Amino acid sequence: MTKADVIAEIADKTGIDKAEVTNTLETFFSVVKDSLAEGENIYVRGFGSFINKKRAKKVARNISKNTAMVIDEHFIPSFKPAKVFVEQVKTSDKAKVAVE
Numbered sequence: 001m002t003k004a005d006v007i008a009e010i011a012d013k014t015g016i017d018k019a020e021v022t023n024t025l026e027t028f029f030s031v032v033k034d035s036l037a038e039g040e041n042i043y044v045r046g047f048g049s050f051i052n053k054k055r056a057k058k059v060a061r062n063i064s065k066n067t068a069m070v071i072d073e074h075f076i077p078s079f080k081p082a083k084v085f086v087e088q089v090k091t092s093d094k095a096k097v098a099v100e
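The C-terminal position of the sequence shown is numbered 100 in UniProt numbering, with every residue numbered one higher than the one before it.
Warning: the hint list may mix true and false statements.
Claimed, not checked - For lysine to aspartate or glutamate, the following EDC-like pairs were computed, each having C-alpha atoms within a straight-line distance of at most 16 Å:
1. LYS54 to GLU73
2. LYS53 to GLU26
3. LYS54 to ASP72
4. LYS33 to GLU20
5. LYS18 to GLU38
6. LYS57 to ASP72
7. LYS58 to GLU73
8. LYS80 to ASP93
9. LYS3 to GLU38
10. LYS57 to GLU40
11. LYS13 to GLU38
12. LYS94 to ASP72
13. LYS57 to GLU73
14. LYS80 to GLU40
15. LYS53 to GLU73
16. LYS58 to ASP72
Bear in mind the hints are in silico, worked out from the structure with no lab data behind them.
All values reported here derive from a predicted model rather than from experimental measurement.
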């Protein structure tokens with residue numbers, strides 16, 4: 001499902017104009033990105049959490065040049081689904097078909 005599909009489905013289910021849904025969705029994405037960039041996590045009860053995960057400093061290899069390089073400690077954005085969300089997907093018949 002693409003972003004356009006999500007926008008179309010929300011517009012169909014709510015009766016809100018696609019342009020307004022697009023603006024709202026883009027604003028939501030912007031808020032998530034800005035908050036994570038500032039180090040703030042976002043918690044949505046019943047859905048999940050958008051969090052920053054810390055990656056430790058490590059030594060990696062550039063195999064094409066056969067050299068070692070140091071990757072400093074950094075943060076990456078991550079999504080952790082809520083238990084309710086995970087259970088809903090686990091018990092869904094459609095999710096089982098997609099995996100097979």
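Cross-check of the supplied hints:
Distance restraint check for LYS54 and GLU73: the Cα-Cα separation of roughly 7 Å lies within the 16 Å cut-off, and the hinted pair is therefore satisfied. Distance hint between LYS53 and GLU26 is unfulfilled; the C-alpha atoms sit about 23 Å from each other, more than 16 Å. At most 16 Å may separate the alpha-carbon atoms for a hinted pair to count; LYS54 and ASP72 meet this at roughly 11 Å. Between LYS33 and GLU20 the CA atoms are separated by roughly 20 Å; this puts the pair beyond 16 Å, and the hint is violated.
For a cut-off of 16 Å, the pair hint linking LYS18 to GLU38 is broken: about 30 Å separates their Cα positions. For the hint pairing LYS57 with ASP72, the CA-to-CA distance comes to about 4 Å; that is within 16 Å, so the pair holds. Proximity of LYS58 to GLU73 is assessed by CA-CA distance (about 8 Å); at most 16 Å being required, the pair is judged to hold. Distance hint between LYS80 and ASP93 is unfulfilled; the C-alpha atoms sit about 22 Å from each other, more than 16 Å.
With a CA separation close to 25 Å, the supplied pair LYS3 and GLU38 exceeds the 16 Å bound. About 22 Å separates the Cα atoms of LYS57 and GLU40, which puts this hinted pair outside 16 Å; it is violated. Annotation: proposed proximity of LYS13 to GLU38 is violated, straight-line Cα distance about 34 Å (limit 16 Å). The suggested pairing of LYS94 with ASP72 is violated, with an alpha-carbon distance near 41 Å, which exceeds 16 Å.
Between LYS57 and GLU73, the direct Cα distance comes to roughly 4 Å. Compliance with the 16 Å bound is thereby established for this hinted pair. Distance restraint check for LYS80 and GLU40: the Cα-Cα separation of roughly 15 Å lies within the 16 Å cut-off, and the hinted pair is therefore satisfied. Our distance criterion of 16 Å between C-alpha atoms is met by LYS53 and GLU73, whose separation comes to about 11 Å. For a cut-off of 16 Å, the pair hint linking LYS58 to ASP72 stands: about 7 Å separates their Cα positions.
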